[in-house]
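What follows is each chain in one-letter form.
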Amino acid sequence: MTEHTTIAVAMSGGVDSSTAAAMLAHSADGSAVSGNAVVGLTLHLWDQTRLAGKHGIPDAPKAGRCCSLDDVYDARRVAEQLGIPYYVVNQEDRFERDVVRPFVDEYLAGRTPIPCSLCNNHLKFDQLLQTARSIGATRIATGHYAVNEYDPQRARWILKRPADLAKDQTYFLFGLTQEQLAHTLFPLGRLTKPEVREIARQHGLKLAEKPDSQEICFIPGGDYKQFLTAYLEEQGESMPETAGELVASNGEVIGRHDGISNFTVGQRKGLGVSSPNPLYVLQIDPASHRVTVGVDEELATRTLRARRLNWISIPTLTAPMRVRIKIRHRHDPAWATLEPAGESEALATFDEPQRAVTPGQSAVFYDGDEVVGGGWIV
Amino acid sequence: MLRVYMDANATTPLLPQVMEAMRPYWMENFGNASSIHIHGQAAHRAVDRARETLSRFFNCHEAEVVFNSGGTEGDNTAIFGMLHPGDHFITTSIEHSAVLRAADRVASRGVEVTFIDPEPSGLINPADIERAIKPNTRLISVMLANNETGVLMPVQEIGKLAASRRIFFHIDAVQGAGKVEFDVQRFGCHLLSISAHKMHGPKGVGAMYVRRGTPIEPLMVGGSHERRQRAGTENVPCIVGLGKAVELAMDSLADGTIPRLAALRDRLEAGILALSGTRVNGGSVRRTANTTNISFDQVEGEAMVIALDLKGVAVSGGSACHSGSTEPSHVLMAMGLNKNAARASLRFSLMRTATDADVDHALRVVPEAVEHLRALSPVAAGTLG
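Taken in order, these protein sequences are the chains called A and B. Sequential numbering from 583 applies to the first sequence in the numbering used here. Sequential numbering from 174 applies to the second sequence in the numbering used here.
It is worth saying that the hints were derived from the structure and are not from the lab. All C-beta atoms in this analysis are idealised placements derived from N, C-alpha and C, irrespective of residue type, glycine included. Please note: incorrect hints may appear among the correct ones.
Stated by the list, open to error - Some, not all, of what chain A presents toward chain B, calculated at C-beta under 8 Å:
id: 1; residue: Val-671
id: 2; residue: Thr-713
id: 3; residue: Ser-716
To be verified - Restraint ranges, calculated between C-beta atoms of paired labels, are given here:
id: 4; chain 1: B; residue 1: Asp-533; chain 2: A; residue 2: Arg-783; range: 28 to 38 Å
id: 5; chain 1: B; residue 1: Arg-229; chain 2: A; residue 2: His-637; range: 58 to 68 Å
id: 6; chain 1: B; residue 1: Ala-487; chain 2: A; residue 2: Thr-720; range: 19 to 29 Å
id: 7; chain 1: A; residue 1: Glu-797; chain 2: B; residue 2: Asn-309; range: 29 to 39 Å
id: 8; chain 1: A; residue 1: Ala-737; chain 2: B; residue 2: Ala-487; range: 50 to 60 Å
id: 9; chain 1: A; residue 1: Gly-635; chain 2: B; residue 2: Gly-283; range: 18 to 28 Å
id: 10; chain 1: A; residue 1: Arg-683; chain 2: B; residue 2: Glu-544; range: 30 to 40 Å
As the list claims (entries may be wrong) - Here are some, though not all, of the chain A residues that point toward chain B, as calculated from beta-carbon distances under 8 Å:
id: 11; residue: Gly-665
id: 12; residue: Tyr-669
id: 13; residue: Gln-712
id: 14; residue: Gly-718
id: 15; residue: Lys-807
id: 16; residue: Thr-811
id: 17; residue: Leu-814
Given only the sequences and the hints, what does the whole structure look like? Please build it.
Here's what the structure looks like:
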């Protein structure tokens with residue numbers, strides 16, 4: 583019996599996911615790609631009107647904000663054009679529980695969170711796959727720039743960096759499990775962004791020129807401090823009192839600050855101290871509320887600890903391994919020696935000191951093009 | 174793939190006779206019903222005939238029929254047109270949003286509003302309305318049949334209550350019209366709203382019953398159409414369509430359609446209830462013959478609506494999409510279901526033209542979908558508290 587497989591494509595209304603959907607549904611000449619039924623899904627994750635207008639958060643989110651009505655409209659129009667069924671699925675509760683709340687808690691604890699990786703883990707690849715299966719699809723597809731393939735020799739699904747390194751999103755995908763990788767398609771992995779826009783044009787998609795969204799999807803305007811204030815107020819919680827001392831790296835108290843969530847490691851502006859040399863945040867202590875600042879040279883560290891690890895190209899780390907590590911999305915992976923350090927923890931020692939290793943960010947380990955795995959910086 | 178439509182409470186297609194009745198009025202008899210010349214007269218005649226049909230349907234005088242754009246306009250007109258700051262308004266928490274949002278608006282302008290909750294059965298208790306009455310209560314608005322559960326409200330009792338206290342009474346009859354015996358005199362209402370597209374008529378047209386002497390301020394002002402009750406050039410083709418739809422509805426109330434629909438609905442319901450973890454919402458009281466609202470344990474309602482759609486069965490879920498965000502059904506929650514149970518509920522509403530084959534198909538598809546969803550995640554996100 584031939585399985586007529588159904589693929590659920592996650593559509594955000596952006597040019598990437600729209601083009602992915604187009605590629606799966608039709609060849610550029612308009613003929614249907616045989617064998618697959620394609621269904622478009624938009625995950626509705628956050629109500630943009632919820633905090634709009636509070637504490638400076640913009641009233642009307644700009645277009646290109648995921649979950650805005652404009653984006654759903656765009657996604658729906660693309661689906662109509664491609665002739666595929668299209669549904670909006672509500673996952674607001676889960677998104678708030680698994681992404682927004684942890685985001686808030688991390689900042690209040692003095693760390694700098696990345697909601698996008700959490701969203702990928704919990705919503706895009708866990709929930710989306712569940713939802714896809716519920717409606718009878720066997721696989722999902724997204725517009726991420728990443729490549730996945732099965733390696734029979736290692737008997738593992740491998741995640742690799744895409745053709746367009748400037749759009750590489752593998753940093754946010756380190757948490758994908760073998761099961762998820764086995765059931766996901768990344769149609770854009772071997773294309774560059776300009777090529778993707780061209781394919782969109784060939785399919786007659788009007789949004790081929792739509793600009794990419796850059797900010798965190800649930801924070802229109804991009805000011806996370808406004809968001810924290812507005813969100814806590816809405817929840818009936820007060821902003822915890824985390825004012826404290828600003829100290830130099832030798833422990834000398836040089837000033838005071840209003841709250842640790844105003845800072846992130848490597849931050850230069852807004853320190854409130856004058857100094858002959860520019861000062862940067864080196865460390866934030868959530869217990870004592872002390873924020874340590876220092877000069878540029880002090881920002882660099884040789885080691886990092888990562889926790890809650892996920893492994894992709896290997897089953898687990900049993901011995902030291904040479905890898906290149908990204909500590910931020912916009913960071914050139916740096917050579918390091920990675921070794922296991924306790925249950926689901928790893929210690930990385932960089933060849934060269936790295937600037938602003940920030941607790942709360944992810945550390946993603948690469949072996950050439952392949953994502954070995956990754957975890958959360960402690 | 175066989176496609177079965179079980180979302181009649183959302184909307185219905187035109188019946189062929191309705192389409193035919195409307196046809197001449199788009200291009201041949203296109204006149205403005207207010208014009209003096211022969212074209213206007215022909216249009217006017219058509220509107221008059223429709224008005225006469227509506228007056229028979231309502232059992233009222235022709236002058237008490239007001240054509241408008243549909244149920245939402247009727248609900249808004251009754252509420253905005255009757256209430257002034259300082260008045261008290263009683264309605265229910267299970268009304269359609271056209272009533273609820275209008276109630277919110279008058280509340281923000283100095284009208285006191287009381288929303289009566291239903292009993293867990295889905296029924297509104299007239300005694301609860303009576304308890305809420307105050308010296309300044311001016312209007313009561315209660316729906317005839319609830320759109321989500323089909324539950325029929327005791328409008329006659331409420332009408333008597335309103336009359337005895339000299340309070341005006343509006344009935345949102347959008348869902349009930351064409352499905353149950355209809356008589357505004359028996360209902361005892363002063364105002365009533367219906368909508369064509371729920372009864373195999375066109376979308377965008379409806380009518381109100383406005384009892385003579387009711388001091389209602391029109392919503393739409395301008396020309397003197399509808400005896401100055403509702404300004405705006407008459408939508409002649411659609412009014413003709415409404416007239417025809419109402420005529421056919423009256424026939425169907427007399428020709429055994431309703432018991433036949435009830436039997437189909439009952440068979441569908443029984444077939445689904447044979448699955449474990451299923452419950453009818455509103456099943457213990459009188460309902461319209463075509464509706465059943467069923468909760469499914471361990472199933473995510475949204476996923477199920479989509480899964481059924483992909484297998485050719487069209488139903489609606491226990492939520493309504495408002496401005497991009499999905500809220501669980503306010504009706505089901507008012508009946509006592511929690512958010513998750515409300516989300517895990519589906520409404521099956523049969524059209525007048527439904528057949529045994531439709532029910533057969535649904536009974537093949539639904540159990541399969543439920544099984545599939547339950548197998549996927551026994552601890553589904555949908556139904557944990």
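- Which of the numbered hints above does this structure break? Per hint list: 4, 7, 8, 11, 15, 16, 17 violated.
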